[in-house]
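Generate the whole structure from the sequences, applying the supplied hints.
Chain order of the listed sequences is A and B.
Sequential numbering of the first sequence, starting at 1, is according to the working numbering.
Sequential numbering of the second sequence, starting at 1, is according to the working numbering.
These aren't lab readings, by the way, just hints derived from the structure by calculation.
Incorrect hints may have been included.
Label-pair distances were calculated between CB atoms; the ranges are [said to hold, decoys possible]:
1. Ser79(B) with Pro40(A): 37 to 43 Å
2. Ser27(B) with Ala70(A): 38 to 44 Å
3. Gln72(A) with Thr80(B): 16 to 22 Å
4. Ile20(A) with Arg55(B): 33 to 39 Å
5. Pro40(A) with Thr80(B): 28 to 34 Å
6. Gln14(A) with Gly101(B): 44 to 50 Å
7. Asp31(A) with Arg67(B): 28 to 34 Å
8. Gln3(A) with Gln54(B): 19 to 25 Å
9. Arg67(B) with Ser7(A): 36 to 42 Å
Now the stretches of chain A that chain B is said to cover, found in silico as 3 or more residues with beta-carbon under 8 Å [unchecked claim]:
10. 61 to 68
11. 94 to 108
Remember, predicted model here, so these are calculated numbers, not experimental data.
C-beta atoms are modelled at their ideal positions from N, C-alpha and C, and glycine is treated no differently.
These are the residues of each chain, in order.
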Amino acid sequence: QQQVKQSPQSLIVQKGGISIINCAYENTAFDYFPWYQQFPGKGPALLIAIRPDVSEKKEGRFTISFNKSAKQFSLHIMDSQPGDSATYFCAASKQGAQKLVFGQGTRLTINP
Amino acid sequence: KAGVTQTPRYLIKTRGQQVTLSCSPISGHRSVSWYQQTPGQGLQFLFEYFSETQRNKGNFPGRFSGRQFSNSRSEMNVSTLELGDSALYLCASSVTQGVYGYTFGSGTRLTVV
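Right, here's the structure in full:
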């Protein structure tokens with residue numbers, strides 16, 4: 001059973017535009033929601049993470065928006081750059097589970 | 001500061017063989033978790049080790065096993081390899097148990113022929 005659904009599967013954005021990736025979860029016990037960035041040949045790297053007690057978290061050009069009632073969260077990349085071209089994964093975890101449940105990933109391409 | 005080191009980077013094995021993959025965590029990190037990444041199933045949790053003990057296990061058959069040594073280095077073993085075991089195997093280390101502060105290695109690409 002897929003517990004975290006991510007969309008879209010692929011996304012093409014022009015340089016300088018806003019990239020938006022969405023995730024929805026089912027398990028209301030989840031209390032930690034990170035986003036990872038993965039380049040070809042590399043492992044995922046933590047970008048930004050949020051807990052359900054806040055609705056938004058911003059770090060540089062990256063923002064997580066969180067909607068607890070809708071069980072959804074999204075990643076916004078402002079002023080997208082070609083160097084942001086990568087695969088992005090959302091994930092979720094619940095306290096004590098000691099594992100991450102990942103979305104299926106979004107391949108983001110930023111056209112120059 | 002050295003990152004998480006996984007060896008080997010690439011591996012080709014024949015169906016029915018067994019394989020051992022290695023993960024050296026960041027110095028000071030005591031927890032090591034393993035994930036399997038495939039195009040079809042995405043990233044799936046295999047198991048977590050902390051203080052040389054398996055603390056958590058994912059939904060994989062018993063052919064998948066692992067261990068952790070006193071220096072926190074970890075190995076995972078897959079016996080009786082199947083074509084479907086072809087994947088990128090990633091390990092992540094963290095200071096203590098849990099997913100916070102995960103740092104992933106670059107993975108071992110296993111191809112079963």
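| Does the structure break any of the earlier hints, and which numbers would those be? | 1, 3, 6 and 10
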